[in-house]
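There are 4 protein chains.
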Amino acid sequence: MDAQFELFRAQLDESSTLRDRIRAVVSEIESASRVATAALLLVHQPVPLADVLVKAKAQVEVIKGLYAQLAEVLKECPGQYYRFHGDWRTETHMVVSMLAFTHWLETGGLLMHAEAQEKLGLCSGEFGLNVEDYLTGLCFMSNEFPRFVVNRVTAGDYDCPKRVLGFLTDLHASFRMLNLRNDFLRKKFDGMKYDLRRVEEVYYDVKIRGLVPAELKQETQS
Amino acid sequence: MDAQFELFRAQLDESSTLRDRIRAVVSEIESASRVATAALLLVHQPVPLADVLVKAKAQVEVIKGLYAQLAEVLKECPGQYYRFHGDWRTETHMVVSMLAFTHWLETGGLLMHAEAQEKLGLCSGEFGLNVEDYLTGLCFMSNEFPRFVVNRVTAGDYDCPKRVLGFLTDLHASFRMLNLRNDFLRKKFDGMKYDLRRVEEVYYDVKIRGLVPAELKQETQS
Amino acid sequence: MDAQFELFRAQLDESSTLRDRIRAVVSEIESASRVATAALLLVHQPVPLADVLVKAKAQVEVIKGLYAQLAEVLKECPGQYYRFHGDWRTETHMVVSMLAFTHWLETGGLLMHAEAQEKLGLCSGEFGLNVEDYLTGLCFMSNEFPRFVVNRVTAGDYDCPKRVLGFLTDLHASFRMLNLRNDFLRKKFDGMKYDLRRVEEVYYDVKIRGLVPAELKQETQS
Amino acid sequence: MDAQFELFRAQLDESSTLRDRIRAVVSEIESASRVATAALLLVHQPVPLADVLVKAKAQVEVIKGLYAQLAEVLKECPGQYYRFHGDWRTETHMVVSMLAFTHWLETGGLLMHAEAQEKLGLCSGEFGLNVEDYLTGLCFMSNEFPRFVVNRVTAGDYDCPKRVLGFLTDLHASFRMLNLRNDFLRKKFDGMKYDLRRVEEVYYDVKIRGLVPAELKQETQS
Numbered sequence: 000m001d002a003q004f005e006l007f008r009a010q011l012d013e014s015s016t017l018r019d020r021i022r023a024v025v026s027e028i029e030s031a032s033r034v035a036t037a038a039l040l041l042v043h044q045p046v047p048l049a050d051v052l053v054k055a056k057a058q059v060e061v062i063k064g065l066y067a068q069l070a071e072v073l074k075e076c077p078g079q080y081y082r083f084h085g086d087w088r089t090e091t092h093m094v095v096s097m098l099a100f101t102h103w104l105e106t107g108g109l110l111m112h113a114e115a116q117e118k119l120g121l122c123s124g125e126f127g128l129n130v131e132d133y134l135t136g137l138c139f140m141s142n143e144f145p146r147f148v149v150n151r152v153t154a155g156d157y158d159c160p161k162r163v164l165g166f167l168t169d170l171h172a173s174f175r176m177l178n179l180r181n182d183f184l185r186k187k188f189d190g191m192k193y194d195l196r197r198v199e200e201v202y203y204d205v206k207i208r209g210l211v212p213a214e215l216k217q218e219t220q221s
Numbered sequence: 000m001d002a003q004f005e006l007f008r009a010q011l012d013e014s015s016t017l018r019d020r021i022r023a024v025v026s027e028i029e030s031a032s033r034v035a036t037a038a039l040l041l042v043h044q045p046v047p048l049a050d051v052l053v054k055a056k057a058q059v060e061v062i063k064g065l066y067a068q069l070a071e072v073l074k075e076c077p078g079q080y081y082r083f084h085g086d087w088r089t090e091t092h093m094v095v096s097m098l099a100f101t102h103w104l105e106t107g108g109l110l111m112h113a114e115a116q117e118k119l120g121l122c123s124g125e126f127g128l129n130v131e132d133y134l135t136g137l138c139f140m141s142n143e144f145p146r147f148v149v150n151r152v153t154a155g156d157y158d159c160p161k162r163v164l165g166f167l168t169d170l171h172a173s174f175r176m177l178n179l180r181n182d183f184l185r186k187k188f189d190g191m192k193y194d195l196r197r198v199e200e201v202y203y204d205v206k207i208r209g210l211v212p213a214e215l216k217q218e219t220q221s
Numbered sequence: 000m001d002a003q004f005e006l007f008r009a010q011l012d013e014s015s016t017l018r019d020r021i022r023a024v025v026s027e028i029e030s031a032s033r034v035a036t037a038a039l040l041l042v043h044q045p046v047p048l049a050d051v052l053v054k055a056k057a058q059v060e061v062i063k064g065l066y067a068q069l070a071e072v073l074k075e076c077p078g079q080y081y082r083f084h085g086d087w088r089t090e091t092h093m094v095v096s097m098l099a100f101t102h103w104l105e106t107g108g109l110l111m112h113a114e115a116q117e118k119l120g121l122c123s124g125e126f127g128l129n130v131e132d133y134l135t136g137l138c139f140m141s142n143e144f145p146r147f148v149v150n151r152v153t154a155g156d157y158d159c160p161k162r163v164l165g166f167l168t169d170l171h172a173s174f175r176m177l178n179l180r181n182d183f184l185r186k187k188f189d190g191m192k193y194d195l196r197r198v199e200e201v202y203y204d205v206k207i208r209g210l211v212p213a214e215l216k217q218e219t220q221s
Numbered sequence: 000m001d002a003q004f005e006l007f008r009a010q011l012d013e014s015s016t017l018r019d020r021i022r023a024v025v026s027e028i029e030s031a032s033r034v035a036t037a038a039l040l041l042v043h044q045p046v047p048l049a050d051v052l053v054k055a056k057a058q059v060e061v062i063k064g065l066y067a068q069l070a071e072v073l074k075e076c077p078g079q080y081y082r083f084h085g086d087w088r089t090e091t092h093m094v095v096s097m098l099a100f101t102h103w104l105e106t107g108g109l110l111m112h113a114e115a116q117e118k119l120g121l122c123s124g125e126f127g128l129n130v131e132d133y134l135t136g137l138c139f140m141s142n143e144f145p146r147f148v149v150n151r152v153t154a155g156d157y158d159c160p161k162r163v164l165g166f167l168t169d170l171h172a173s174f175r176m177l178n179l180r181n182d183f184l185r186k187k188f189d190g191m192k193y194d195l196r197r198v199e200e201v202y203y204d205v206k207i208r209g210l211v212p213a214e215l216k217q218e219t220q221s
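Protein chains in written order, with numbering that gives the first Met the number 0: chain G, 0 to 221; chain Z, 0 to 221; chain H, 0 to 221; chain A, 0 to 221.
What the hints contain is simulated information worked out from the structure, not anything from laboratory work. One or more of the hints may lead you astray.
Unchecked claim - In silico DSSO-like cross-links for lysine-lysine, where the CA-CA straight-line distance does not exceed 30 Å: (1) A/186 with A/161; (2) Z/186 with A/192; (3) A/206 with A/161; (4) G/56 with G/161; (5) Z/206 with A/206; (6) G/63 with H/186; (7) A/206 with Z/192; (8) Z/186 with H/186; (9) Z/186 with A/63; (10) H/192 with G/54; (11) Z/192 with A/186; (12) G/206 with H/192; (13) H/186 with G/56; (14) A/56 with Z/186; (15) Z/192 with A/54; (16) Z/186 with Z/63; (17) G/192 with H/206; (18) G/74 with Z/74; (19) A/192 with Z/206.
Pulled out of the complex, with its shape left as it was, chain G reads as follows:
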């Protein structure tokens, strides 16, 4: 009995140490993600978009390096990705949300799963970006849009609601195709409906006040 418990003691201590190392890297990911998100918050103010994006993207490189460190740590325990996955799940949601919002600000389109993986250097082998984490990150990104359209309209950008509405409507429709059995994800997705509704209201406000003069022309083009 003693020999067995002595072995367990060593094993449990080893896995505690591993977890501590994982948490130390994850804590740095959280910190870099917080700095990137703070930089990105400047889109709500009259700051040139290019300046905002430069600051956020600098942190993305830092975060990519940290995920590489995490992958290095996890290489020591093959087949146990999901054992420790809960330790960086929340932080990964925040990172994906930030990346996807940055991508939308740049391109007006959706950051694809493969692109997110590539930006985080998570393409190869066992350590990838979990699909459900990617989707949850998109739900968090969606929460940014109501505030964004309000502030853009206030700053006189009356075209913004229409663009956001088109994007969110497509995203929401795509999510609806999925059979979400993950409770957390389904709940977050439910929240996207409210973001969509608020953006619709803002679009309605600018439309009803005649603040979108080129509207008919734009609609013909699209």
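We have chain G already, so just place chains Z, H and A on it with the hints.
Chains Z, H and A only, in chain G's frame:
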């Protein structure tokens, strides 16, 4: 965007189906484990021990077959043992508790981790018996002893408390060597202290009433 | 053993008495702070600002005197500021919130930590204004603004939302630089986001209704 | 505003770092205290008392060294003992309980506050052993006695209950002299009553069965 979500849809449906298949097997494990535990409960009554053990051990063979089925299902998703682990964790605690109590009834000793694995056919490859699940199962087994010694003494078996006390004391001391950072396991271990105390009290009762005539001789030996 | 416990009895009674004296002063601080806050609430009504401020500032002098009394009591137990700190923490949050809001009404700017200390006479020696208490007070002040801008706009002051928004945006951005490990403070700061969002919505409302005619000129200046 | 928050950022990070260092030392105190307590648990088994005490006392030296490290860390922030006190309070209760039980096993008497301070090297200057922590530790020690007397009587030591009862009765009476306004301590003290009652019951059991033949003679001596 559509192609990506179409792919996710297929992936999520596939993993839902997998989970349903896992849960179906786990439900059968739970059922067989319940039957075995119910059979084992007869040790609290004046039933011949051999009869009790035969019934419990018949279920162990069933359970072993079910774990083999589970391993077969998991072979389809290599490296994802810990992704689905939570789906059979609770049931495995019950199985280990039942196995370890059966083993103690037969031998008076502790069922080792390797023996538990072997009884469940979990020795090979990726699908083993998690150490923390094994330890949690032992804590649940410990909860059986207070009631067991009370009933054995009632049935006139005055030697039983001493044997159980020696076993539980050693098991408790072995656990104390471990640095338990798993909250669930630590809490379950805290409960073992009360089992130990209750068994001590029963032993005290039989001793103080002079019901252990051969005591002095035994103590000299130990 | 008796002598020791006799000594403890005296010590515990002494520290009970001390605590009672601290609580008596703190209760007066709470009372004066409540009067000041009640006076300040008149800014939500059409009352001249000067009248409101006079009443609030009269209480600040009272509160300053009470903190001096508190410091006097604490001089009797050097090095134990943090032992009793919890006894006046909540009241200090309310006082700082009231002071900072008063200051913003007067100047449109942030009451600095050093200024808050000076107004409360807490500059010297061991008894200062804890930084986390100061920051928590600012979070409480932030909660006043959504209601304030709504009432100012109702009263016809359409410039107010823009001024408040600029102030709150800067304050929020400053807080985001901090790595808040104090749970209570972090939670209070999380609430500031909703205040900010509500003020943005009010600003959006006045803007979209064309109630800020001088807007374009202001934006050019900023 | 920026300069002030930059300063706060530095201050908060500094105090986070300090807290992390404190917690690292406290975690080692907890670990050494756990080893000492595990060693002390052997008094419930037929192990020579001298062997048990040697092992426990070896850890006391380790713990003393760790408190010296803690004091060293706290020297960097004079006057803030009580700011961080909550971080080692629980561990100190365990340490005092273990020390006081060890002392009783050796001498049959109470470990005085000054002796506890000296064993932990906490005599000098600002960093002492808080009286309420000392008293709480004694309450935890009291919880060990019911189990101890049961096991001693089982092992044939029929004099033990009387000795423990005399000690606990005095300790309980001493506590009753105190006006306990600390809620946590008062609640722990309430538990001592149950320990006393259980020890009385065990004493009654041995007395009623005539297992204390030398009783009258002993009473005359005491």
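Verification of the hints:
1. In summary, the hint linking residue 186 of chain A to residue 161 of chain A is supported, as the alpha carbons are separated by about 26 Å, within the 30 Å threshold.
2. Between the alpha carbons of residue 186 of chain Z and residue 192 of chain A the distance comes to roughly 26 Å, so the proposed pair stays at or under 30 Å and holds.
3. Annotation: proposed proximity of residue 206 of chain A to residue 161 of chain A holds, straight-line Cα distance about 10 Å (limit 30 Å).
4. Of the supplied pair hints, the one linking residue 56 of chain G and residue 161 of chain G holds, its CA atoms being roughly 26 Å apart against a limit of 30 Å.
5. Between residue 206 of chain Z and residue 206 of chain A, the direct Cα distance comes to roughly 14 Å. Compliance with the 30 Å bound is thereby established for this hinted pair.
6. As the CA atoms of residue 63 of chain G and residue 186 of chain H are separated by approximately 29 Å, the hinted pair is consistent with the 30 Å bound.
7. In summary, the hint linking residue 206 of chain A to residue 192 of chain Z is supported, as the alpha carbons are separated by about 28 Å, within the 30 Å threshold.
8. A threshold of 30 Å between alpha carbons decides the hint, and for residue 186 of chain Z with residue 186 of chain H the separation of about 29 Å falls inside it, so the pair holds.
9. The straight-line distance between the Cα atoms of residue 186 of chain Z and residue 63 of chain A is roughly 29 Å, inside the 30 Å bound, and the hint therefore holds.
10. A threshold of 30 Å between alpha carbons decides the hint, and for residue 192 of chain H with residue 54 of chain G the separation of about 21 Å falls inside it, so the pair holds.
11. A C-alpha spacing of about 22 Å is found between residue 192 of chain Z and residue 186 of chain A, which places the hinted pair at or below 30 Å, so the restraint holds.
12. Pair hint residue 206 of chain G plus residue 192 of chain H holds up; C-alpha atoms about 28 Å apart against a cutoff of 30 Å.
13. The suggested pairing of residue 186 of chain H with residue 56 of chain G holds, with an alpha-carbon distance near 28 Å, which does not exceed 30 Å.
14. Annotation: proposed proximity of residue 56 of chain A to residue 186 of chain Z holds, straight-line Cα distance about 28 Å (limit 30 Å).
15. For the suggested pair residue 192 of chain Z and residue 54 of chain A, the alpha carbons sit about 21 Å apart, so the restraint of at most 30 Å is met.
16. A C-alpha spacing of about 29 Å is found between residue 186 of chain Z and residue 63 of chain Z, which places the hinted pair at or below 30 Å, so the restraint holds.
17. Restraint check for residue 192 of chain G and residue 206 of chain H: satisfied, since their Cα atoms lie roughly 26 Å apart, inside the 30 Å limit.
18. Taking the CA atoms of residue 74 of chain G and residue 74 of chain Z, the gap is near 21 Å; set against the 30 Å cutoff, the hint holds.
19. In summary, the hint linking residue 192 of chain A to residue 206 of chain Z is supported, as the alpha carbons are separated by about 26 Å, within the 30 Å threshold.
The structure shown violates none of the earlier numbered hints.
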